[in-house]
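Which chain is which? The protein sequence lines are B and H, in order.
So in the working numbering, spot 19 of the first sequence is number 12, and the numbers just go up one at a time.
So the number in the working numbering is just where the residue sits in the second sequence, counting from 1, plus 5.
No lab work stands behind these hints: they were computed from the structure.
Backbone N, C-alpha and C define an ideal beta-carbon position, used for all residues, glycine too.
Examples of chain H residues toward chain B, derived with CB under 7 Å: (1) 77; (2) 80; (3) 108.
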Amino acid sequence: MSAETQARPRTMRRLEPAAITGVMSREVANFRTYWKGTTFSSVLEPLVYLLAFGLGLGATLVDEVEGVPYIQFVGTGMVATAVIFSSAVPAMFGTFVKHRFQNTYEAILAAPVDVEELVTAEMVWIAGRSAVYGCVPLIVTFFWGLDPAPGMLLVPVFAFLTALGFAGFGVAMAATVAKIDQFNYVTALFVTPLFLVAGTFFPISGLPEGVQVVAQVNPLHQLVELVRGGAFGFEAVDIARFAFLLAFALLTWRVAVSRMSKRLID
Amino acid sequence: MAAIELSRVVKHFGAITAVDGLDLDVPEGICLGLLGPNGAGKSTTMRLLTGQAIADAGELRVLGYELPAQSKPARAEMGVVPQLDNLDVDVTVEDNLAVYARLYRVKDVGAAVDRCLDLARLRDRRKDAVDELSGGMRRRLLLVRGLVHEPKLVLLDEPTVGLDPQIRTELWTLIGDLKARGTTILMSTHYIEEAERLSDEVAVMHKGKVINRGRPADLIAEHAGTHTAEVYAAPDRLIELRASAEAAGLRVRPAGPAIAIVGSERAGDGAVPEDAVVRAATLEDVFVLLTGEEAE
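Using the sequences and the hints, build the whole thing.
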């Protein structure tokens, strides 16, 4: 064994940081080649929504919601939109392509990396990226009079945790669908409804009671409320919201690991 | 200790038995060619060895590690070169290697990358994206990526499948260098010439099990004798000639548009027609006789 290589133990632990960072280093190497396009769309799309709804509706139909100028209401809510579209969607398509078309996972799993480490690394990487993109609408809203507040420092944490959950959801979906076009069902049945019933554009208190109950189990709604808490003041219930997001991330992580194990190990 | 020890290994995929009671030992320091037709179970065997398939029955031990329980430390000490090119095409040559050096926990990533670049003769292309490389360069890179941690054991899964002869020869040179350094190699292939040139021993796999094994020269001597007579003729005449050779106790196999009369040195007068082309017996003759499949 040469000086380049490490002496190796006969047993290796679960969830080794070296395996997780190794997989993430592959993501970083690839991201360096396409970051401009991804960043452009991840930043621009929520901004377009923010400007269209915030300025459009704010200037014509709605002045304030719950005592907050409408553009600030939408701007704080748009964090959730940026998070779901930069986590669930890349997790679904990226995982599917790497597994089915590029055979990337076959090569990674031939190294001392197990499926749990692989999935964890993919989720953490996507969530980290998404936490950054998620903060952009909030920062832009500063230009429309949103005052910085200390609670906003927690927004990247909230965004990361939510993105972790949606990345797990995306990975699990990628391991479940048979063909890439089946993501249309996933988007239509899950992603779009979750995005629309998150309280981003209107308070969910105005929705029918049954829909309000459904909205309460929507992780994006919990994120929207936490971001608004950071901007306008937290409430005690926000601890429960944070715990809900933590549980969502843990649940989707385990489901993603299980689904991917079935898919990758014969 | 053998580098690989498989005992009575079975793997089913639904109603299909891909590996059927496989026994296989690979001693340290040799190159064993796993030769078999498509569907013989070679790729499943490779997946079992990398922990990407779990056996339904049997015992597997790699470099002293029990599989699948100790698959992870076993994988840390073996290198795998896949059948399909799964390099990251937009990423530079050196980053492709660096990523796998990290995955294999190599301490000095830079030195490992440099060593692999030299091995693949790609040092001057290190900053280029993989997409910009020729087919041969990509395959060399794929091969050395599996050697980035200087493994004790290398699994080559159909390393030259679908490649043109020039690239195949380049890879054979690299694999030859690896052999010369004493690395244990298990190479699955369905190319007879590849198995014959590179392997110290060949195990012929058919329907999920090894049906014969030995040094290529020994297998040829045992099953095919010294000479084979190939006869090219119209189909009707080939049928007649085949019947007559078999009646004389000779083994005959199809050889594309011809028939090959194996062990023709043992033929009596008239059993081999005068217009036959007599050549030295090959591993291909053995392969076809044992498996009943046409060779590539």
